[in-house]
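> The whole structure should be built from the sequences, with the hints applied where relevant.
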Amino acid sequence: MGDFETLESFGATDIKDLTWQQLLSYDACTNCGRCQDNCPAWASGKPLSPRKVIQDMRGYMEQRAPELIGAAVAGESAPAPSTSMVSDAVGEEVLWSCTTCAACVEACPVGISHIDSIVDMRRYLMLEQASAPDTALTALQSMEQRGHPWSGTTLTRESWLEGMEGVPTIDENPNAEVLFWVGCTGALVERGVSVTQAMASVLKKAKVNFAVLGAQETCTGDPARRMGNEYLFQILAGQNIETINGYGIKTVLTTCPHCFNTMRNEYSQVAEGFDVDWDVEVLHYTEYVDRLISEGRLSISDVDTTSQNGVNEITYHDSCYLGRHNDIYDQPRAIAKAVLGVEVREMSQCRSRGFCCGAGGGRMWMEESGERVNHIRTDHFLETDTDTVAVSCPFCLQMFEEGISAKGQQDRKRAQDLIEIVDEAT
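Going by my numbering, the sequence shown wraps up at 434, each residue one higher than the last.
These are calculated hints, taken from the structure and not from any lab test. Backbone N, C-alpha and C define an ideal beta-carbon position, used for all residues, glycine too. Among the clues, some could well be false.
Derived Cβ-Cβ restraints for the label pairs, each shown as a range [to be verified]:
| no. | residue 1 | residue 2 | range |
| --- | --- | --- | --- |
| 1 | T162 | Q29 | 37 to 47 Å |
| 2 | Q418 | G67 | 41 to 51 Å |
| 3 | E375 | E351 | 31 to 41 Å |
| 4 | S85 | T38 | 33 to 43 Å |
| 5 | G67 | E351 | 42 to 52 Å |
| 6 | G174 | Q247 | 22 to 32 Å |
| 7 | S167 | E101 | 30 to 40 Å |
| 8 | D287 | Q418 | 44 to 54 Å |
| 9 | T143 | L76 | 30 to 40 Å |
| 10 | K258 | G67 | 32 to 42 Å |
| 11 | G254 | G174 | 16 to 26 Å |
Printed below as a string of structure tokens:
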């Protein structure tokens with residue numbers, strides 16, 4: 009939080025607010041268009057073109073740089089820009105269309121990170137202008153007031169524990185080896201509750217010494233950071249770091265790739281800012297369950313996911329924050345093979361080329377223009393001729409279920425979290 013006490017402005021509204029690496033990347037862009045070709049926002053008719061964002065930023069940089077250099081040489085203050093980098097050069101609707109899926113980053117031959125610039129400009133809109141989609145602001149307000157983005161829920165952090173035996177809180181089992189991080193969606197969205205219960209069931213079957221935080225858990229802050237409210241993210245992250253460190257927890261297990269990514273890759277930076285340690289192993293359940301199966305701690309029985317073509321198989325959707333952001337592709341497929349005895353039938357776009365479900369980057373809480381991204385991805389699933397699409401993310405699960413229903417396929421097709429299939433098989 010120290011940075012916020014000294015900063016005079018937040019986010020990026022001028023090229024002087026960007027890093028030299030970002031400025032260099034604009035100049036390095038070859039304008040090949042691979043980022044645009046792989047962008048789910050562009051494919052679904054949104055105004056966002058990653059290529060155009062970078063090219064527009066380059067144009068703004070070339071226009072603005074002489075003014076800044078001239079002022080620096082003359083020893084004068086930089087003049088105010090004549091046009092807005094955020095609103096004029098790029099456009100607010102463009103910035104809010106991004107799912108932060110990293111398909112553009114994966115496709116870029118010169119390693120440009122489009123997401124960093126987009127989120128930096130979102131921070132300016134959010135913290136300086138209070139300008140964001142109304143539904144996004146509602147979710148963020150709920151995070152501030154309730155510690156989660158699901159403002160309309162009647163569930164509590166411990167509702168899912170009703171009827172569950174042998175699931176202790178950390179106060180009841182302070183010597184737990186693993187903290188099961190339930191997450192907001194896992195506790196507070198009805199469909200997520202069944203996934204959470206399946207995860208707890210599998211942990212019990214494997215005789216894992218685990219516990220949950222229960223009412224002490226709060227949002228990791230991922231939606232706040234992606235939507236540009238860095239201040240709220242720092243507050244929530246700081247609270248969680250203090251809570252987890254306070255119990256001496258060394259291993260955290262998540263079902264949500266967004267919680268996983270934030271805690272594994274970003275909490276250490278937050279902890280450093282607070283001058284505290286973050287010596288915690290953060291695992292997504294696909295990593296952990298793959299390990300449990302390999303060690304023989306889970307007994308697998310047959311699960312019937314037979315498709316109408318008579319083959320016992322499923323297809324698998326790679327969550328962007330599990331796959332492209334963290335390179336976890338093999339473990340979910342190894343789990344599926346252990347359960348079904350056959351390889352998954354891959355969609356046309358899979359692994360590092362997987363197509364986003366449309367919910368990342370805070371888009372879960374924003375209205376959508378053009379074609380829905382999840383409907384495009386649902387079509388990819390339907391093309392496989394399997395009856396079940398397995399996912400490892402609560403957002404992806406909701407998006408597929410909506411897509412299947414919208415396509416009128418709810419009586420023939422289904423989406424399941426992979427851990428639900430594991431629970432059925434053990």
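> Are D287 and Q418 spaced within 44 to 54 Å by their CB atoms?
With Cβ atoms ~46 Å apart, the hint holds.
> Take a look at whether the Cβ-Cβ distance between G254 and G174 falls inside 16 to 26 Å.
24 Å, holds
> May I ask you to test the hint 31 to 41 Å on the CB atoms belonging to E375 and E351?
38 Å, holds
> Using the beta carbons of S167 and E101, state whether their distance is inside 30 to 40 Å or not.
Because 37 Å falls inside the window, the suggested range holds.
> Quick check: does the Cβ-Cβ distance between G174 and Q247 fall within 22 to 32 Å?
28 Å, holds
> Falls inside 42 to 52 Å, the C-beta gap from G67 to E351?
47 Å, holds
> Taking the beta carbons of Q418 and G67, is their distance inside 41 to 51 Å?
47 Å, holds
> With 37 to 47 Å as the target window, see if T162 and Q29 comply at their CB atoms.
For T162 and Q29 the Cβ distance comes to about 46 Å; the hint holds.
> Using the Cβ atoms, figure out if K258 sits within 32 to 42 Å of G67.
49 Å, violated
> Range first: 30 to 40 Å. Now tell me if the beta carbons of T143 and L76 are that far apart.
The hint (30 to 40 Å, Cβ to Cβ) holds, given that T143 and L76 are roughly 37 Å apart.
> Tell me if the beta carbons of S85 and T38 are separated by a distance inside 33 to 43 Å.
35 Å, holds
When held up to the earlier numbered hints, the structure conflicts with hint 10 and nothing else.
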